[in-house]
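> Given next are the chains, with one letter for each unit.
2 protein chains.
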Amino acid sequence: MSNDKLSVALFGFGCVGQGLYDVLNHSEVFQADIARICVKDPAKERRVAASLITFDKEDILNRNDIDVVVEMITDTEEAYRIVSRALGSGVNVVSASKKMLATYFSELHELQEKNGTALIYEGSAGGSIPIIRTLEEYYDNELLSSIRGILNGTTNYILTRMELEGRDYGEVLKDAQQNGFAEADPWSDVAGYDTLYKTLLLSIHAFGIVLKPDEVLNLGIQNISFADIRYAREKGLRIRLIGFAAKAGDKFRIYVLPHFVKPDDELYKVQYEYNGIEVEGAYSCKQTFTGKGAGSHPTGSAVLSDISALTYNYKYAYKKLNKLRRQRHEQGQTGNDLSLLDKDFTLKVYIRFKSKDELARLDIRHVEEEYRSPEVNFIIAEVGFSSLYALRDDIGQNLFVCVVA
Amino acid sequence: MSNDKLSVALFGFGCVGQGLYDVLNHSEVFQADIARICVKDPAKERRVAASLITFDKEDILNRNDIDVVVEMITDTEEAYRIVSRALGSGVNVVSASKKMLATYFSELHELQEKNGTALIYEGSAGGSIPIIRTLEEYYDNELLSSIRGILNGTTNYILTRMELEGRDYGEVLKDAQQNGFAEADPWSDVAGYDTLYKTLLLSIHAFGIVLKPDEVLNLGIQNISFADIRYAREKGLRIRLIGFAAKAGDKFRIYVLPHFVKPDDELYKVQYEYNGIEVEGAYSCKQTFTGKGAGSHPTGSAVLSDISALTYNYKYAYKKLNKLRRQRHEQGQTGNDLSLLDKDFTLKVYIRFKSKDELARLDIRHVEEEYRSPEVNFIIAEVGFSSLYALRDDIGQNLFVCVVA
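In order, the protein sequences belong to chains L and E. Under our numbering, the first residue of the first sequence is numbered 1, with each subsequent residue one higher. Under our numbering, the first residue of the second sequence is numbered 1, with each subsequent residue one higher.
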């Protein structure tokens with residue numbers, strides 16, 4: 001480090017960046033200052049000194065007096081270029097770009113190893129909840145059996161309002177967009193991609209398994225209708241979009257699916273834009289962590305914590321990842337971790353459909369209930385997971401799948 | 001360390017100890033084995049090899065092949081003697097004895113510093129919730145403004161059942177004792193001492209302030225009656241016994257008091273024997289951690305995590321404590337941390353009383369409501385905290401005090 005205080009450069013200067021600037025540069029207590037800010041739009045007015053602003057990433061990446069790069073831009077490929085350049089040139093990085101991190105994890109991990117740099121990203125999963133650090137530091141491998149989480153504030157906000165207000169998906173989504181709880185293009189949230197990226201990052205720190213986004217099943221709530229919510233309500237249940245990762249023998253079960261949850265489930269109580277993560281470990285004890293998921297403040301809070309951690313040289317040790325690799329190496333296993341993903345099991349699911357031929361792609365083992373009416377058809381059945389997994393490429397517009405506990 | 005696996009000695013062999021024995025000695029994955037167990041009662045049958053058992057603590061403390069002592073006995077003074085002997089002779093210690101830890105913290109901290117040994121105690125607060133490690137590692141000083149927690153499973157169990165079943169304190173306490181949720185002598189739990197010890201330990205790891213049990217206010221639920229629960233219910237509130245610690249300028253406000261909590265408060269949802277801790281930090285974000293508080297499994301889970309942490313040489317860095325001491329030293333402040341305890345503020349409280357002269361000891365600034373009937377008298381008033389603080393020595397049998405949010 002070049003001096004007492006960390007010299008921080010920001011990429012991106014939205015709400016989170018501006019909040020960070022206020023906290024870091026106007027407070028005596030933090031051992032970090034923002035020295036340079038790279039933004040895209042030269043036309044936009046900024047409420048900081050022009051000398052701090054640059055439009056050229058090279059202005060930051062070519063300097064040798066920057067200790068930490070904080071990357072908070074939306075362009076995944078550009079984010080990857082910036083983060084890998086910084087890590088490769090000995091600069092530590094804080095990032096909250098979950099898609100970029102999940103997509104390029106292997107490359108970024110290698111860069112850290114090779115250059116002795118740190119990439120930390122608490123803001124990428126669980127909003128303000130310190131879940132990555134807790135999984136990494138507290139839950140030793142053998143102490144952890146599963147994690148299940150509501151990881152996306154937007155979908156949880158939509159599900160909560162649909163249930164409490166008795167309204168349909170389209171209406172509530174529109175409202176959420178107007179209130180700033182959903183993006184103009186909500187696909188990444190509602191189709192479960194955002195939850196998927198976060199689930200992949202949590203799986204790395206929970207179990208050491210590294211999977212790519214297109215290797216793991218994510219079905220979202222994009223096809224939900226009020227009929228599904230009504231069904232849940234009648235049974236005293238709620239619907240929650242859950243990212244799940246668990247040990248299963250020597251393998252792991254990992255997926256993102258809507259779930260019915262019961263009132264005694266801690267995730268039942270997680271409402272609106274809140275995130276909640278349940279960790280199950282030794283002695284079958286469960287701990288739940290909740291906090292605001294969406295919005296600039298939770299992310300800012302986590303990013304600030306990461307910057308602060310870098311002031312005392314924190315980095316993820318990737319203990320579980322290293323252990324898993326060692327084990328696989330000893331067992332003569334080669335290739336990526338996809339072979340560790342268990343697909344050979346069944347799930348009991350609720351499937352709403354329009355016409356019966358839409359079910360043809362599913363490996364339905366046993367139908368427990370079947371309901372037909374002019375408006376709604378659904379079955380509750382044990383279904384082979386592999387056939388659900390195959391739906392990740394295209395679930396169509398008529399199926400809604402929800403796990404029955 | 002003497003070999004690949006940590007050699008662990010147990011003091012105490014109750015439920016937690018037996019569970020630890022099963023997990024550590026019958027699983028290949030843990031890098032720790034139990035080598036010796038010290039117990040008190042020679043007459044009791046044990047389901048482990050007699051060669052593992054000793055009745056003389058010297059058999060363990062005089063050996064030089066023990067890496068870790070796990071202390072889980074109920075006698076505070078004896079626990080202190082064992083833990084300080086071990087730390088002083090270079091042995092790391094895991095303890096869950098909150099009273100001992102809170103009472104002798106300064107001495108034990110000094111022993112760790114002097115001998116380079118580690119004393120870790122996640123099982124001492126928050127049951128299975130990894131709160132101490134999270135406060136120590138994740139929440140840097142400046143990122144944290146307050147913590148408030150339901151830290152005692154027994155009182156929360158009693159409060160929950162009183163409310164849900166509409167029953168009075170004495171009856172529910174008796175039931176709780178029969179069900180194993182309350183001790184034969186419930187005083188430490190119901191009078192708030194257990195919550196106090198935990199609050200003191202959390203305050204050390206949250207803010208670095210070290211206070212002794214008799215320096216901090218704890219009022220419990222020992223004087224509660226169903227009238228108080230009924231009042232809360234009528235207002236849509238619940239009563240929770242809360243340990244509270246927060247920054248207040250250069251000082252800290254720390255106390256244990258019953259509180260009315262509202263439905264939108266995360267602690268409202270924490271029921272029965274669960275613990276819940278809300279941490280408020282940067283950007284005013286709140287995170288809540290919940291998990292089972294009472295019982296051998298949550299404690300066992302935390303103790304196991306601590307043992308596991310010692311296999312990779314973890315120790316608390318006491319960053320905040322060291323920082324606070326440095327600051328105080330620079331400012332020329334001497335003496336203990338009691339001068340940092342803020343007592344100069346008012347709290348809005350509900351006080352139920354029998355006769356008005358019982359209120360004479362209180363510095364009542366402003367009465368907002370007053371209710372009298374043949375059965376129940378209460379006031380809601382702004383009260384100077386110092387006068388409540390004075391009640392910690394003796395609240396008597398007729399006053400019930402509860403903070404109004």
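In short, the hints are calculated from the structure, not lab data. You may find that some hints are simply not true.
Since the list gives no way to pick out one identical chain from another, each pair is judged satisfied if it fits inside one copy or across any two copies.
Only pairs whose alpha carbons sit at most 20 angstroms apart, straight line, appear in this in silico SDA-like list of lysine to any residue [as the list claims (entries may be wrong)]:
1) Lys319 - Tyr169
2) Lys262 - Ala227
3) Lys269 - Gly236
4) Lys286 - Tyr268
5) Lys319 - Arg85
6) Lys286 - Ser296
7) Lys348 - Asn223
8) Lys262 - Tyr272
9) Lys269 - Lys286
10) Lys5 - Pro263
11) Lys251 - Arg167
12) Lys251 - Glu28
13) Lys269 - Ile380
14) Lys323 - Val29
15) Lys174 - Gly88
16) Lys5 - Gln327
17) Lys269 - Leu164
18) Lys286 - Tyr272
19) Lys354 - Gly12
20) Lys262 - His366
21) Lys319 - Ser386
22) Lys40 - Pro186
23) Lys269 - Thr160
24) Lys247 - Asn322
25) Lys323 - Thr311
26) Lys114 - Ser355
27) Lys323 - Glu171
> Which of the stated hints cannot be reconciled with the structure, identified by number in ascending sequence?
1, 5, 10, 11, 13, 15, 19, 20, 21, 22, 26 and 27
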